[in-house]
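Peer 1: Chains as they are written, first to last, in my numbering: chain A, 905 to 1190; chain B, 2 to 242.
Calculated directly from the structure, the hints in this document are not laboratory data. Quick caveat, the model's predicted, so the values are computed rather than measured. Virtual Cβ for every residue (Gly too), placed ideally from N, Cα, C.
Here's a subset of chain B near chain A, in silico, CB distances under 8 Å, partners left out:
id	residue
1	D80
2	V82
3	P123
Here are a few chain A residues that sit away from chain B, every Cβ distance over 10 Å (derived from the structure):
id	residue
4	K923
5	A935
6	F1104
Computed beta-carbon distance windows for the label pairs:
id	chain 1	residue 1	chain 2	residue 2	range
7	A	D1122	B	D124	44 to 50 Å
8	B	A95	A	D1136	47 to 53 Å
9	A	A1177	B	S104	54 to 60 Å
10	B	L31	A	G1099	21 to 27 Å
11	A	T1149	B	L31	34 to 40 Å
12	B	A75	A	A1132	31 to 37 Å
13	B	A67	A	R1074	45 to 51 Å
14	A	T1119	B	G61	23 to 29 Å
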Amino acid sequence: MITSTRLPPRAMGAGLGLKPAHYRAVLESDAPGLWVEVHPENYMLPGGPRLHWLEAIAQRHPVSLHGVSLSLGGADRPDPDHLKSLRELIDRYRPALVSEHLAWCRHDGIYYGDLLPLPYTAGALDRFCDHVDEVQDALGRSILIENPSLYVDLKGDMTETEFLVEAVRRTGCGLLLDLNNVFVTAINLKRDALGYLETFPLDAVGEIHLAGHETDPDGSLLIDTHGAPVADAVWSLYRETIARTGPVPTLIERDNNLPPFVELMAERERAQALLEYADEAALADA
Amino acid sequence: MREAGFHDCFASMLRGGDTVTVAAFAGGTLTGFPVYRNSVVRSAIEVLGDNYPAVRAMSGEGNFAALAKAYWTAHPPRDGVMAHYGSGFADYIAAESPLGMPSILPDIARLDRAWSEAHLAPDSAILSPGALAGVEPERLADLTLRLHPSVRLPRSDRALHASWAAARFEGRMVKAGPESGETVLVWRPYQEVRHRALEPVEAALLDQLAAGVALGLAAERAGCGIESFIRLLKDGVFARD
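One chain only, chain B, in its complex shape:
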């Protein structure tokens, strides 16, 4: 068969090989082949940039394109569902620590990824404050609660929420906060993704609840009062069932 080896040769050209590899299959000039190669790389860069807008904004277009191309070379997509592409991008940036890039970039990538995961998570009804109205006050402490499936709790050594949000939604650079550590709540209670930096006691409470600890003990261990729980409940971070 004349096309034997065609796909291997073409794919190798797409992955950076010379157009000579496909010359045997060409019925005319080779000038059009690089169009495919360029378009494959460009679309991978675009998709990754769409999935990581804050990383793109903080890196600058040129730096981001180089980083995204290197990532594509190491980790090309495996299927056509592009919303999932780049799930390992934060770890890749952390491992490669590209020259001239801000050191907070891996954590910024984790925040972008958390946004995507919350956006695409399965739908689930939230536990409304009203649903707890019938619970006897003395039984509240025994409740175990399930986090809404969209809840993500990315953590970083520095306070990055404000910098991330400004870069992602406004393309504006805001200096990273103090090195005090921060947990961000990213979730989608209805059809819109929300995000806010958590108080340390709120983060501790959610960790306990996520581990299946009953509300009373969870609050005690987290060192928080009922008002922290009420605020999270009103935010819609718990699943109804």
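Bound conformation, chain A alone:
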């Protein structure tokens, strides 16, 4: 069997969400294509071992900063102190990617710790784009915006993909396509996941997320828990997507019910193999 060696070792193939329990294993891994993603909020600290580990890991593997608290879809402007801390982390760790969410989480000085939905209206779009502009100016770089997982349908003037297309056009941001979120939202709101991808601006996608979901206790909704292996249906969406986009840095996101490192790496290898296959296919087409 021939394995592809076209992707150089520091190229971003399939990555993992970095967990303290796996710091050493990640640092010591030389798996081709491996990269790591962290929430910058967990590293906005005066000092200590977390920063040391990230520093060491960043020397070996590409790093992505995936923010969860800028509240770009909020009514309030992004917090300038938070942006300053984020800029400091970017200057220190030189991440390959920086991303945030199409969501809000802060309102009137309270942080809610969850990614909350916003109505896709013209007014919300204007404000969202203002916030993205402000963030990109403060950080001196463009960011990727992730599509949310939704549990409710809100009234609006446009679809989510129309909202994202327009945000990309106006702000020059890229997109982080979370395929588990696409699936979860499609089931919860009785929509069509493939139809969503048909209208999604794939050219703007700079990263893909894969994660697991679980069914809520009364069985009516899927919850984006990041607490289970990636579902088969999400793997199918992934194959469909990268057949169109070619290889895109892909993250296995696992935050809860954390399995042993080898299990997580096995799931990562599956994505890595599909990426290498997509790379071969793209080369064959060229």
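Chain B: place on chain A using the hints.
Peer 2: This is chain B only, laid out in the frame that chain A set:
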């Protein structure tokens, strides 16, 4: 604008309001709204429990969840840096003295908090015993020393270190010690947090040194000999500069 008031209504629902408050914005059923409300509360409870593992272990999951939810209602987080969330939890427990909870809980919370603060403190080189080798013995008494920035010295009326450590690191309950008072040293000389109960003379010496008193006078006031100082020096509780 159709979304005017949306965030106010949604936030009010998250903080315990009825889903009716957001009904005007819903394009379908309201059944999904409680998912957000539950997830916000659950994540606050989880974060607080991760920051206060000994309090969680001693309270039991159910009691802890109720306490953490009440704390969240009174003191929700202000930003996304969760390592800092709950800095006032010990005082809150002391003020509320929740029914059926052990009376030592506020002091246990202070020990958990000291661990977090030591863990996240700025990095700083420690003063190694070797660094004092060049100091003339007669000049040692004149030295003033700075505590390492990670050093925390939580105090309690009862000896709690053993109970706290057993609950925090092993989920095991150990009866609190005698009502003799105790100072615990929690610090991070390198990249790992350490902790031990101090002898009363060691605690007194550190208090004096932290106040800027020179070593000779500090030892005299604390009533301790050179061996107490040497032990603390070897532990790495002083900053190099």
